[in-house]
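Just so you know, the sequences run in chain order A and B. 1 is the number of the first residue of the first sequence in this note's numbering; add one for each residue after it. 1 is the number of the first residue of the second sequence in this note's numbering; add one for each residue after it.
No lab work stands behind these hints, which were simulated from the structure alone. There could be a bad hint or two in this list.
Unchecked claim - Derived list of chain B stretches under chain A, where covered just means 3 residues or more per stretch with a C-beta under 8 Å from a C-beta of chain A:
1. 15-24
2. 28-42
3. 48-62
4. 79-92
Unchecked claim - Just so you have them, the derived chain B footprint on chain A, three or more residues with Cβ under 8 Å:
5. 26-36
6. 177-188
Said to hold, decoys possible - Short derived list, chain B residues pointing at chain A, Cβ under 7 Å:
7. Val5
8. Thr69
9. Ala70
Virtual Cβ for every residue (Gly too), placed ideally from N, Cα, C.
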Amino acid sequence: MSISLTDPQAHGGHDAHPSLQHHFDTLEQQKEASTLGMWLFLVTEIMFFGGLFTTYVVYRSKYSTAFVAASHTLDWKLGAFNTAVLILSSLTMALAIWAAQVNRRKQVVAFLIATMILGLTFLGVKAVEYKDKFEHHHVPGASFEWHEGGHAEAAPAQADFAKHVQLFFSLYFIMTGLHAVHMICGIGVLAFLLMPSWKGRYNSAYHNPLECTGLYWHFVDIVWIFLFPLLYLLGAHAK
Amino acid sequence: MSEHVTSRAVYFAVFAALLVLTAATVIVANFDLGWANDAVALGIAVTKALLVLWFFMHLRYSTRVTVLTALAGFFWLAILISLTLNDYLTRETLFPYWGK
Numbered sequence: 001m002s003i004s005l006t007d008p009q010a011h012g013g014h015d016a017h018p019s020l021q022h023h024f025d026t027l028e029q030q031k032e033a034s035t036l037g038m039w040l041f042l043v044t045e046i047m048f049f050g051g052l053f054t055t056y057v058v059y060r061s062k063y064s065t066a067f068v069a070a071s072h073t074l075d076w077k078l079g080a081f082n083t084a085v086l087i088l089s090s091l092t093m094a095l096a097i098w099a100a101q102v103n104r105r106k107q108v109v110a111f112l113i114a115t116m117i118l119g120l121t122f123l124g125v126k127a128v129e130y131k132d133k134f135e136h137h138h139v140p141g142a143s144f145e146w147h148e149g150g151h152a153e154a155a156p157a158q159a160d161f162a163k164h165v166q167l168f169f170s171l172y173f174i175m176t177g178l179h180a181v182h183m184i185c186g187i188g189v190l191a192f193l194l195m196p197s198w199k200g201r202y203n204s205a206y207h208n209p210l211e212c213t214g215l216y217w218h219f220v221d222i223v224w225i226f227l228f229p230l231l232y233l234l235g236a237h238a239k
Numbered sequence: 001m002s003e004h005v006t007s008r009a010v011y012f013a014v015f016a017a018l019l020v021l022t023a024a025t026v027i028v029a030n031f032d033l034g035w036a037n038d039a040v041a042l043g044i045a046v047t048k049a050l051l052v053l054w055f056f057m058h059l060r061y062s063t064r065v066t067v068l069t070a071l072a073g074f075f076w077l078a079i080l081i082s083l084t085l086n087d088y089l090t091r092e093t094l095f096p097y098w099g100k
């Protein structure tokens, strides 16, 4: 600051923590502002995914049988595995922040890397699942084919049934796809945090970037916690 | 800093609870219970989300304005879903001649 209108001591002056930005009075105030700002962003994210969840609920209530039949083609074992992977990644994310809070620099880096590896594992499984959907022609569009169920119906009803199945797969790809994009962004942000963490920038006094990234990561985990039963478990007992 | 540091034991306990709840929802989904399948699946998902929000996302030790902001998000989501369903689920009851 070249010009100081206030007493430099009142804003920390030369004794101030290097991570305290000049427009905040204290580190606590700075942390509160960033946490609140992050939550405001997450509220917009809730509504962003909320629109898709609402669409799901409406069509699910209308075309329940087709949705159950379509859900049955998803492998709930892979979905459950990915759920466990994401929950574990939330644990390692929480532990990375804990490590910063108790000034264990190397553990911060280790837990961040673990979180990234788990995130990539999740995406890898997702890629395998997407490939399977393409091979079975279950991707909505011109090459969509449906031979799995609803054949007891008359021919026109059968065509309608296949359309409703496509609706399920459209929602499946949009919702899991948007979720995957969030995962990729999260892994990218984690990568940016690695070097400052290694340099010891985050410690018991200051770790706002870790805290905000953690909030984002856990939010993405919560989205999956709802996607898993709605998409995978819906048709688990169907035969 | 006066910030509260959650102990590792709490995080591990929450992690274990989340895994147990995931196993529970998978097991229940493999039986045909009619409407109860949805009720149990949603109940378990909400419980898991609350555990993540309360412990992993530190709402437990957040200021009231932060908790209120988080609640506002879910409150508006509830409005979005309930008012939309209020329309879609009552159309055929209230206006059976529509679309015929």
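Quick rundown of the hints versus the structure:
1. Here's how the stretch 15-24 of chain B fares: 4 of its residues keep a CB closer than 8 Å to some CB of chain A, so the rule of at least three is met and the hint holds.
2. Taking a C-beta to C-beta cut-off of 8 Å, the stretch 28-42 of chain B contributes 7 residues in contact with chain A, enough for the three needed, and the coverage statement holds.
3. With 9 residues having a Cβ less than 8 Å from any Cβ of chain A, the stretch 48-62 of chain B passes the three-residue criterion, so the hint holds.
4. Against chain A, the stretch 79-92 of chain B contributes 6 residues with a C-beta closer than 8 Å to a partner C-beta. That satisfies the three-residue criterion, and the hint holds.
5. Residue count for the stretch 26-36 of chain A with a Cβ under 8 Å from a Cβ of chain B: 6. That meets the three needed, and the coverage hint holds.
6. For the stretch 177-188 of chain A, the assignment as covered by chain B is violated, since 0 residues bring a beta-carbon within under 8 Å of that chain's beta-carbons and 3 are needed.
7. Interface restraint check for Val5/B: the shortest CB-CB distance to chain A comes to about 5 Å, inside 7 Å, so the restraint holds.
8. Nearest Cβ of chain A to the Cβ of Thr69/B: about 5 Å, under the 7 Å cut. The hint holds.
9. Hint status for Ala70/B relative to chain A: holds, with the closest Cβ pair at about 6 Å, below 7 Å.
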